[in-house]
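Chemist: Chains as they are written, first to last, in our numbering: chain D, 12 to 375; chain B, 12 to 375.
If you are wondering where the hints come from, they were derived from the structure by calculation, not from laboratory data.
Ideal placement from N, C-alpha and C gives every residue a C-beta, glycine not left out.
Wrong hints could be hidden among the right ones.
[What the hints assert, rightly or not] Derived contacts from chain D toward chain B, CB cut-off under 10 Å, selection only:
1. L27
2. I51
3. I280
4. R293
5. I321
6. H322
7. G329
8. R336
9. K364
Below are the chains, spelled out letter by letter.
There are 2 protein chains.
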Amino acid sequence: MIGGGQLGRMLAWAGLPLGLDFVFLDPSADSPASAFGPVIVAPFEDREAVFKLAGAVDVVTYEFENLAAHLLREVAAARLVLPPPLALEVSQDRLLEKQLFQKLGVPTTRFVPVSGRDDLEAAVATTGLPAVLKTRRFGYDGRGQAVAGDAALLDAAFQRLMGAPGGLILENHVSFERELSLIACRDRAAEIRFYPLAENVHQQGILRSSRVPADVDAEVSRAAMGYARSLLTHLDYVGVLAIEFFLKNGKLIANEMAPRVHNTGHWSIEAAETSQFENHLRAITGLPLGETRLRGEALLVNAVGRLPEIHPLLELPGVHFHDYRKAPRPARKVGHVTALAASAAELEKVMPKLLVQMPFETVS
Amino acid sequence: MIGGGQLGRMLAWAGLPLGLDFVFLDPSADSPASAFGPVIVAPFEDREAVFKLAGAVDVVTYEFENLAAHLLREVAAARLVLPPPLALEVSQDRLLEKQLFQKLGVPTTRFVPVSGRDDLEAAVATTGLPAVLKTRRFGYDGRGQAVAGDAALLDAAFQRLMGAPGGLILENHVSFERELSLIACRDRAAEIRFYPLAENVHQQGILRSSRVPADVDAEVSRAAMGYARSLLTHLDYVGVLAIEFFLKNGKLIANEMAPRVHNTGHWSIEAAETSQFENHLRAITGLPLGETRLRGEALLVNAVGRLPEIHPLLELPGVHFHDYRKAPRPARKVGHVTALAASAAELEKVMPKLLVQMPFETVS
Chain D
12 MIGGGQLGRM LAWAGLPLGL DFVFLDPSAD SPASAFGPVI VAPFEDREAV FKLAGAVDVV
72 TYEFENLAAH LLREVAAARL VLPPPLALEV SQDRLLEKQL FQKLGVPTTR FVPVSGRDDL
132 EAAVATTGLP AVLKTRRFGY DGRGQAVAGD AALLDAAFQR LMGAPGGLIL ENHVSFEREL
192 SLIACRDRAA EIRFYPLAEN VHQQGILRSS RVPADVDAEV SRAAMGYARS LLTHLDYVGV
252 LAIEFFLKNG KLIANEMAPR VHNTGHWSIE AAETSQFENH LRAITGLPLG ETRLRGEALL
312 VNAVGRLPEI HPLLELPGVH FHDYRKAPRP ARKVGHVTAL AASAAELEKV MPKLLVQMPF
372 ETVS
Chain B
12 MIGGGQLGRM LAWAGLPLGL DFVFLDPSAD SPASAFGPVI VAPFEDREAV FKLAGAVDVV
72 TYEFENLAAH LLREVAAARL VLPPPLALEV SQDRLLEKQL FQKLGVPTTR FVPVSGRDDL
132 EAAVATTGLP AVLKTRRFGY DGRGQAVAGD AALLDAAFQR LMGAPGGLIL ENHVSFEREL
192 SLIACRDRAA EIRFYPLAEN VHQQGILRSS RVPADVDAEV SRAAMGYARS LLTHLDYVGV
252 LAIEFFLKNG KLIANEMAPR VHNTGHWSIE AAETSQFENH LRAITGLPLG ETRLRGEALL
312 VNAVGRLPEI HPLLELPGVH FHDYRKAPRP ARKVGHVTAL AASAAELEKV MPKLLVQMPF
372 ETVS
């Protein structure tokens with residue numbers, strides 16, 4: 012596994028009962044995943060280290076996107092790399108990603124690549140205002156982007172972001188009503204399964220909570236699954252793929268995808284028959300996928316900045332705690348909890364008591 | 012944790028999301044639990060090693076019974092040891108255990124301690140025939156006991172077992188109809204919770220399968236919980252306690268108890284809101300207990316002697332796999348699977364396909 016963060020930690024945790032062994036590549040010797048196997052301590056772009064990892068395992072996977080895709084391609088010639096490097100390349104570049112959405116008929120917002128300041132005016136003519144200027148690469152948790160309501164603000168955003176490697180993209184700013192995400196998985200035999208759509212709440216660009224099942228029309232779910240199926244098939248994808256959507260006027264607009272297990276699917280550990288982590292591992296190791304049906308209604312809440320007090324949390328019925336073993340730091344996700352209940356009404360009784368206890372600290 | 016077997020492995024696995032750290036004491040450096048924390052490699056009776064373990068942790072627990080209870084008592088003067096050493100002492104001696112059952116009004120079979128051959132005749136007069144001659148200590152998986160239908164067979168059993176440390180006990184052989192077990196837990200605030208009764212099938216003295224919820228009258232469940240409550244309270248117990256019962260003519264007969272998580276409760280990982288492993292850890296670390304309600308109907312099946320093929324197993328709906336990472340060996344439990352279904356009818360569709368795939372090898 013390339014990366015040893017909390018996603019790597021939860022993947023390995025899910026894989027141990029299956030009898031799997033893990034080796035990690037991470038710049039830190041004491042990353043969250045380090046409790047679950049040996050760590051090759053090196054930068055992600057260290058070619059020798061990546062090949063050392065590949066030599067130690069049967070299949071290489073990764074737990075985040077900001078990797079050197081060309082290195083993965085090289086490794087893939089010698090060792091199974093899943094999800095396929097193409098999926099990584101597409102998802103780590105907002106322009107390629109939106110172009111693929113467009114090509115496959117997956118609705119997305121209007122977008123234009125921006126190479127220099129001279130492009131801005133023409134770009135705005137396409138996207139309209141307000142618009143979002145984003146770096147094409149290396150954005151996460153709301154970083155590397157700025158919303159601009161007029162030309163002056165857009166210019167300021169351009170001044171701030173223009174040095175970014177990989178260039179910029181201007182998108183129409185979608186004043187969406189709701190945020191949804193779909194966790195999908197495809198195995199080596201091309202079997203596809205979907206988890207129910209989740210509804211997500213972001214604050215300051217950071218995921219605060221995720222609830223399943225999202226209360227949406229069956230038509231919306233069917234559409235989301237159709238889009239995911241197109242992407243999975245086109246990419247000959249193996250593993251878990253997450254797609255984030257906006258919902259506006261009852262229609263889905265694909266925002267981005269991630270070629271990995273996803274924060275908006277962490278509730279699946281307790282709330283689904285098989286977790287997204289186990290299904291990712293089943294897929295990439297050639298095992299059949301497990302069922303994705305829900306065991307109830309669930310809410311995931313991130314602990315941002317620091318962990319909550321565990322004792323009062325665990326007094327709440329159906330609440331499960333996940334400590335990532337990360338040092339507290341503003342805006343950092345250091346753990347999460349999932350509340351599982353037999354009905355929406357039961358869940359909604361727990362929710363306020365849960366939310367009030369969960370830290371969300373983004374500044375020190 | 013004293014002991015690093017599969018119970019220690021599953022306990023540690025359950026404790027990692029809670030942010031707990033584990034240190035193990037085990038004679039083997041590569042025991043099943045060794046993936047989850049450092050191991051002090053030493054015999055269980057090594058006083059220095061046990062104190063070294065105690066010095067490294069906040070609370071000492073144990074994952075099996077064949078320990079030197081006097082050592083635990085010594086340690087308990089310096090460090091929290093849970094479940095309390097008294098519970099260990101009682102459960103590792105069949106005579107003390109049955110005497111406690113008797114004292115607390117928990118129905119058990121007729122029994123008589125046997126010190127020498129001269130006691131046999133009088134003992135049989137009390138227990139009747141057939142009787143079971145057992146070593147008072149160190150029995151497990153049907154070892155250290157023999158059923159005898161007449162005086163000659165009883166004499167032969169005595170010749171075989173008489174050298175056992177701790178002496179012998181003769182019990183009436185209960186020709187029971189069904190085997191049940193209750194997993195109970197009590198936390199440091201004296202709160203008690205019960206899992207639903209499980210129905211168990213043993214073959215050659217080894218647990219083959221365990222199904223929940225057992226199909227029994229509410230009266231039987233209530234009685235079992237009452238007996239467990241008496242035992243937990245009397246022992247000032249903290250942690251998970253398992254009690255095995257026979258059911259005969261609609262009445263419970265307590266057979267034995269184990270002061271630890273129990274093989275007949277492994278289904279709780281997937282089938283209960285909180286697993287027996289997590290609840291044991293919550294209890295001993297001073298956290299509140301989690302809910303014990305079932306998420307469906309479940310069947311646990313042990314893999315005895317060797318592991319099954321994983322691929323066809325995971326094609327069955329609701330089936331979850333647990334590899335203990337133990338070398339295959341006749342009669343050794345090397346893993347288990349749990350099938351979880353929404354209804355008994357659904358579970359019963361999966362059961363035959365599951366059972367036929369699960370190895371049960373007791374001789375090489």
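Chemist: Now tell me if each hint is right for this structure.
Modeler: So, going through the hints one by one against the coordinates:
1. Proximity of L27(D) to chain B holds as hinted, the smallest CB-CB distance being about 6 Å (cut-off 10 Å).
2. Given the 10 Å rule on beta carbons, the hint for I51(D) is violated: about 18 Å separates it from the nearest Cβ of chain B.
3. Using the Cβ-Cβ criterion of 10 Å, the hint placing I280(D) at the interface with chain B is satisfied: the shortest such distance is roughly 8 Å.
4. With a least beta-carbon distance of about 7 Å to chain B, the hint placing R293(D) at the interface is held under the 10 Å criterion.
5. Against a cut-off of 10 Å between C-beta atoms, the interface hint on I321(D) holds, since the closest Cβ of chain B lies about 7 Å away.
6. With its C-beta approaching chain B no nearer than about 6 Å, H322(D) sits inside the 10 Å limit, and its interface hint holds.
7. Here the hint on G329(D) is kept, as its CB sits about 6 Å from the closest CB of chain B, short of 10 Å.
8. Restraint check, R336(D) versus chain B: the minimum CB separation of about 7 Å is within 10 Å; hint holds.
9. Hint on K364(D) is violated. Least Cβ distance to chain B is approximately 14 Å, over the 10 Å limit.
In terms of the numbered hints stated before, the structure departs from hints 2 and 9, listed from lowest to highest.
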